[in-house]
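**Q** Note that the protein sequences, when read in sequence, are chains A and B.
Residue numbers for the first sequence follow the working numbering, beginning at 315 and rising by one.
Residue numbers for the second sequence follow the working numbering, beginning at 315 and rising by one.
Incorrect hints may appear among the rest.
Pairs count within a copy or across copies, as identical chains cannot be separated in the list.
Heads up, simulated DMTMM-like pairs for lysine to aspartate or glutamate below, C-alpha to C-alpha not over 25 Å straight-line [to be verified]:
hint: 1; residue 1: Lys618; residue 2: Asp644
hint: 2; residue 1: Lys536; residue 2: Glu440
hint: 3; residue 1: Lys618; residue 2: Asp924
hint: 4; residue 1: Lys931; residue 2: Glu966
hint: 5; residue 1: Lys606; residue 2: Asp537
hint: 6; residue 1: Lys712; residue 2: Asp644
hint: 7; residue 1: Lys497; residue 2: Asp638
hint: 8; residue 1: Lys931; residue 2: Glu667
Think of the hints as simulated: they come from the structure by calculation, not from any bench.
2 protein chains.
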Amino acid sequence: MGKLVISRPLPLKQINIVDDFWSGYIQLVRNIVVPYQWEALNDRVEGAEPSHAIRNFRIAGGLEQGEFYGMVFQDSDVAKWLEAVSYLLETGKDPDLERVADEVIETIARAQQADGYLNTYFTLKEPKMKWTNLAECHELYCAGHMIEAAVAYYYATGKRRILDVACRLADCIDNVFGPGEGKIQGYDGHQEIELALVKLYHVTGDQKYLLLSQFFLDERGKDPNFYEMEYRRRNQTKHFPMLDMVFDRSYSQAHLPVREQQSAEGHAVRIVYMCSGMADVAAETGDLELLKACRDLWNNIVSKRMYITGAIGSMAHGESFSLDYDLPNDTAYAETCASIGLIFFAHRMLQIEAKGEYADVMEQALYNTVISSISRDGKHFFYVNPLEVWPEASDRNKGFSHVKPERQGWFGCACCPPNIARFLASLGRYIYTVKERTIYTHLYVGSEMIFDIDDQKVRLTQQSQFPWKGNVRFEVSTEQEMEFTLAMRIPGWSTGAVIRVNGALWQWEDSVVDGFAYIQRKWQLGDTIELDLPMLVSCMKGHPLVRETIGKVALQRGPIVYCLEEADNGANLHQIKLKQQSEQNVSFDEDLLGGVLTITASAQRVQSDDWGEQLYKANEEITTESVTVTFIPYFAWANRGRGEMTVWVRTE
Amino acid sequence: MGKLVISRPLPLKQINIVDDFWSGYIQLVRNIVVPYQWEALNDRVEGAEPSHAIRNFRIAGGLEQGEFYGMVFQDSDVAKWLEAVSYLLETGKDPDLERVADEVIETIARAQQADGYLNTYFTLKEPKMKWTNLAECHELYCAGHMIEAAVAYYYATGKRRILDVACRLADCIDNVFGPGEGKIQGYDGHQEIELALVKLYHVTGDQKYLLLSQFFLDERGKDPNFYEMEYRRRNQTKHFPMLDMVFDRSYSQAHLPVREQQSAEGHAVRIVYMCSGMADVAAETGDLELLKACRDLWNNIVSKRMYITGAIGSMAHGESFSLDYDLPNDTAYAETCASIGLIFFAHRMLQIEAKGEYADVMEQALYNTVISSISRDGKHFFYVNPLEVWPEASDRNKGFSHVKPERQGWFGCACCPPNIARFLASLGRYIYTVKERTIYTHLYVGSEMIFDIDDQKVRLTQQSQFPWKGNVRFEVSTEQEMEFTLAMRIPGWSTGAVIRVNGALWQWEDSVVDGFAYIQRKWQLGDTIELDLPMLVSCMKGHPLVRETIGKVALQRGPIVYCLEEADNGANLHQIKLKQQSEQNVSFDEDLLGGVLTITASAQRVQSDDWGEQLYKANEEITTESVTVTFIPYFAWANRGRGEMTVWVRTE
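One chain only, chain A, in its complex shape:
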């Protein structure tokens, strides 16, 4: 076994996003989200749930007096915020922000203990219980996020302070865990350390981090079960007594060795973080068995357990997957972090094998669930991303209480908001990857990108009208003629794609492999590629084994999944039934929700006014009227107050 030849994303600083759709999001993260989250982490947002995360570090570092407050994984919110800041600094100077970050880093560094240990919960609250409750207490998870932040900050600024902290922390972990005598043969309840250690390996070149990552992956699921053993060792105490993290093995994907897992079980975020680590290790080691497990889990997720919005996790209990084809729209969990994790997983698979389906899912999760999870003002967030909402039921039926009809200011368990921030701030990394002389385009996001071939700099400018129009234009800028391949993704949703190279039609069908059209030639200054990906409204149907989509359709246009919202269509959206041969009209509404393309369609609508009081009637003809209904992009819902929403609509 040896390293696989994979395509790599470019350093973020080599990509500058200039895009009508996405620049706004990046600015929002820079100007609003990150500053707002800084306020939230410092408990200065009125009405939002307190975080206390910064104070925990200050207290642990001896900078102030007090007690730990928050979830056992509260530290990770600071780490994710710092990671977001790093990406912002990598893509744009901001001395004020950098000063704040340096201060936070100093605070973090002070909270680190002499042996490298770093976790404010255990330092402050249960110092004697370190490493005794991996199943529930997220110590390695928090460490992983700190490592990710450190690596990102180092890449962004070149400063080693936090990277050194991270290395000492990772060395501390390496001293405690591993196959050797006297070490713990265990693994974290919440995967994250695995992928983080591979990042640390990349930046330091120190193989021990890669080996430790591999160790954690391969320990998982061994018999006898580690969580039960540590549970007995610590006298059977539980941190989350309401949950069953110790004995419900599949909750943490500890029911089988990772190489034997074929279906996505348990906590959705955990499994996609785990899969990302597995793909990372497979890429570095050429471990094809591990890669096969990645493929199996991927296939299970995308062909049996994923919502059309790229969301995953059907069950609120345990924030978990449930079973094949179980995709309830109204009680969906569909956690924001899980879709971000799915993108991480997709992005890594895409680097290992250039298959368009990975990028398709990445795009699907990005344009729908990920950006749905943040409000237009950048200060409100969805943790759960349902595909159908009845606000009164959310208020009063406890089975729906996890489904919020409005985005929240902050959360007691605040994993999602900083995850959105760090992900959007690093969006540039997801557009391209490069493998030898091939540049893959995965996302059509307007940008300027610079890459090296034969020590020559090549600039690739992308102009995109996504997601409203499928016209994309690339321009190559190179000092001298250069032979390389541009691989253009042909999205799974597109039909009739046209590619022109320097204005001339290019028969991409001849060179397409697994969803990528490979354009190999000698490129010179000013060469252009134009993609025309017709965006037609598609009536999407779900697999006939999905109970919740049968007899229904969802409208999709390009990567955008649409929904009906009460604001446009009144309440009782279930009364709407789309006509089979409905003519759909699309129109761009500049003033609506920051400018969105809406779809109107004709439908029949059940009338309830003349039904009367009786709850059930025999042989009653239902009165309907013809109506025109308006669909908006799913990501834009819940920006006009409380109301119903549905993605799937009944059809004839």
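Given the coordinates of chain A, assemble chain B onto it according to the supplied hints.
**A** This is chain B only, laid out in the frame that chain A set:
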């Protein structure tokens, strides 16, 4: 205010059920259910959850050593069993059974304390905490069931032993609770004592029991809230910390004075027991405000919050109502006890005002939910009665874990099985009521009944072919000609009813009031009434505001709601779509499920075989095939192994 003139049920001993359909159930209760439950109460059923209920009484009575085990309301299981036994003894001599009952009664009597207090949980486990946690601990609920049992046993046998126990217990309660200084101004978390005290008032004639019932009703919902006050008094301890019985006022219908409640909120069993008590007190006192509240709550339940099977309670959390028109089929709670309680409520309203709709609902709950809850072998029970089941989801999606695809042997919380037993054993009481010279027939159940008019005995023999055929024949037997009125219920589901008196067509439409056809005449020996209620298959539709029934139909024939089961139709019942103009064929299958009438209908069925692996497809034509599907009565489902079931089926 004064007593309302109401129609009263006849003593059970005056009614002998002789019915092709129901005699089997009564025999099942007598020969199997009651003996089986006796074994269960004595922990002699292998594989079933232990009860310990009899042992708790023996230990509290000093007959054996040990500790209390079970739920805080474990005593009530014994009381309900004893009540069932009483009804069996009232309708048929059984010296062996009576001896067992007498022994149980002695055991119970020994467990009673000197001051009349009787509750094994508090006696054995928390003797200092009596009457300190009404919100959660069911002391008055258990007392109520003991009183009901005592009254029933006294009526059945004439023996006062247990009635005396009940009176001492009620006197004890009367000493502790009431408006006076030094008494507790409180009320039980689980209503039951209210209706029980009215029964005790009926049998003893002692008005203080009626006043105490009224007191409990009127204390409920007063501000400041009693549950919160007692919680503070007992230093804020909770018995069920996972639930919120103290502060969630509507859970126990303590959010408003009962007279102001207009919608059914909270725990479903509690509210229908409460309403039964309210109706009882209104009947005895002529309190029209209380009666209006009963009507309001009734209307809310039956026109907005009841399943077509007569089941109530949409939400597993708190076994509760949720909101208007929220009637999920697959996550329904629909507790057996709640439908029995709804029948209690309906039966009382029917006595106050002879409106067919009360009897319709009684019949609906009886023929569907109540008898569905018990297996054909009499030893397995549903606690939850869903209208749609996907067994794999019950196994693996925790949101469905309360929905069992198979009846269980016993329950840790075993309220339902003895409730079914006591209800079915007393079924005779629900057939007729009598008001002055009018005999109301509410249920068409074959039976012989004797009643007195002018000190003359009249016998009314009913022969019924329900629920498979709507032919019912009554024969009057009287020594001398006698004038009285027979009021025959014309069911809400029937159209084209025909009545013949002594063979001659009788224009009932002229005399029908609120669903009852009043036949007043001078009756003599051998007079007959024949009812022909055509039973046609109806396609039932739900109110257009019900999300879970839109675009679907349920088949009903006579009082019987039908369902599709996997045993007849294969898995994936959601793929079935009934044809609008489907011809339905009915046929009686003697060998199926003890003999049931099945319905076949033509449908289109989605094919999933040639769809392939993709989870979502654009603009795909769904392949369907024409099939014939078979419906069975809902009550008979889950008697042929695990499988899917659905009541509501998609339609064109």
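**Q** Compare the structure with each hint and give your call.
**A** Here is what the structure says about each hint:
no., hint, result
1, Lys618 x Asp644, "both (18 Å within a copy, 20 Å between copies)"
2, Lys536 x Glu440, "neither (28 Å within a copy, 45 Å between copies)"
3, Lys618 x Asp924, "between (41 Å within a copy, 16 Å between copies)"
4, Lys931 x Glu966, "both (22 Å within a copy, 17 Å between copies)"
5, Lys606 x Asp537, "within (22 Å within a copy, 65 Å between copies)"
6, Lys712 x Asp644, "both (12 Å within a copy, 15 Å between copies)"
7, Lys497 x Asp638, "neither (38 Å within a copy, 59 Å between copies)"
8, Lys931 x Glu667, "between (57 Å within a copy, 24 Å between copies)"
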